[in-house]
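The whole structure should be built from the sequences, with the hints applied where relevant.
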Amino acid sequence: MILDALSVLLLLLGLFFFVSGLLGLWRFPNTFARLHALTKADNLGLGLIMTGLLFQVPDVLWAIKFVLVWLLALVASAVNAHLIAVFLHRQQERHDESA
Amino acid sequence: MRLVSLFFVLLLALWLLLTSGDLSSLLVGLPFIMLALWSYRLQRHVPYPLTFSFLGALRFVVFFLLESFRGGLDIALRVWQPRVSLSVAFYEYRLIFPQGPIRSFFMYCISLLPGTVSVCVSENGKLCLHVLDDRGAVAEDLARLERRVCDLFALPCYKGTL
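Heads up: the sequence lines are chains Y and S, in that order.
Each residue of the first sequence is one higher than the one before, counting from 1 in full-length UniProt numbering.
Each residue of the second sequence is one higher than the one before, counting from 1 in full-length UniProt numbering.
Since the hints were made in silico from the structure, they are not lab data.
These numbers come from a predicted model, not from an experiment.
Glycine included, each C-beta is placed from N, C-alpha and C at the ideal position.
Possibly wrong hints are sitting among the right ones.
Unchecked claim - Chain Y regions said to be covered by chain S (calculated; three or more residues, Cβ under 8 angstroms):
(1) 13-24
(2) 31-43
(3) 50-60
(4) 63-71
To be verified - One-sided excerpt, in silico: chain S residues whose CB lies under 8 angstroms from chain Y:
(5) L14
(6) L17
(7) L86
Structural data, given as structure tokens:
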């Protein structure tokens with residue numbers, strides 16, 4: 001019962017950070033700033049959702065699986081953010097050169 | 001070659017763990033494992049031996065979790081305000097890690113932690129990054145992450161040099 005309540009609390013908190021990231025995507029002024037919103041808020045949001053679900057797992061294997069999914073998502077999000085940032089930066093440099 | 005076989009076993013274990021040991025899923029998994037190994041061979045040049053410190057890893061995990069909180073909270077505080085207050089800028093930071101996996105790791109951590117996204121390594125060997133708010137203590141934050149990464153890989157970093 002207490003574990004269920006804790007799960008719900010953590011899932012809601014995680015949801016709040018996901019919505020915050022989404023709001024950042026909408027409200028931040030440029031693509032670089034939007035990258036910040038997505039990487040940071042999603043990192044925390046998914047982490048909290050993962051922790052909330054950890055209280056519901058049937059066995060340790062599932063717990064390991066959840067943590068792995070979070071870690072893989074972190075790696076993917078960091079690499080993606082970096083690749084998009086590099087691409088944007090090059091594009092801007094090219095734009096400056098031609099201007 | 002030994003390193004590649006070790007990676008193969010690790011990736012295979014990871015895949016089987018994620019799919020609860022469903023062997024038929026290897027039909028999809030194996031090609032991707034091979035692709036991952038191949039892309040790893042492309043950038044295999046490691047200029048230093050990789051070592052880890054157990055205590056350093058523990059300290060790094062605690063640091064990473066706390067900073068993740070700070071980063072997410074920072075975004076949430078900004079987006080829910082009626083006027084979004086940002087002071088975005090590009091920023092340069094001296095790199096102490098030579099090209100290789102530790103530098104990549106450091107750069108990816110930067111992107112996951114509060115207010116910074118790493119963009120590129122400039123020709124003079126400096127790291128350029130994008131900061132959300134240049135009124136904050138960017139250099140101090142980066143130096144702290146640097147110390148934690150040194151600690152994790154058991155590197156003898158001293159006052160910003162390696």
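Going down the list of hints, with the structure as the test:
{"no.": "1", "hint": "13-24", "result": "holds (count 6)"}
{"no.": "2", "hint": "31-43", "result": "holds (count 9)"}
{"no.": "3", "hint": "50-60", "result": "violated (count 0)"}
{"no.": "4", "hint": "63-71", "result": "holds (count 4)"}
{"no.": "5", "hint": "L14", "result": "holds, 7 angstroms"}
{"no.": "6", "hint": "L17", "result": "holds, 6 angstroms"}
{"no.": "7", "hint": "L86", "result": "holds, 6 angstroms"}
Hint compliance for this structure: hint 3 alone is broken.
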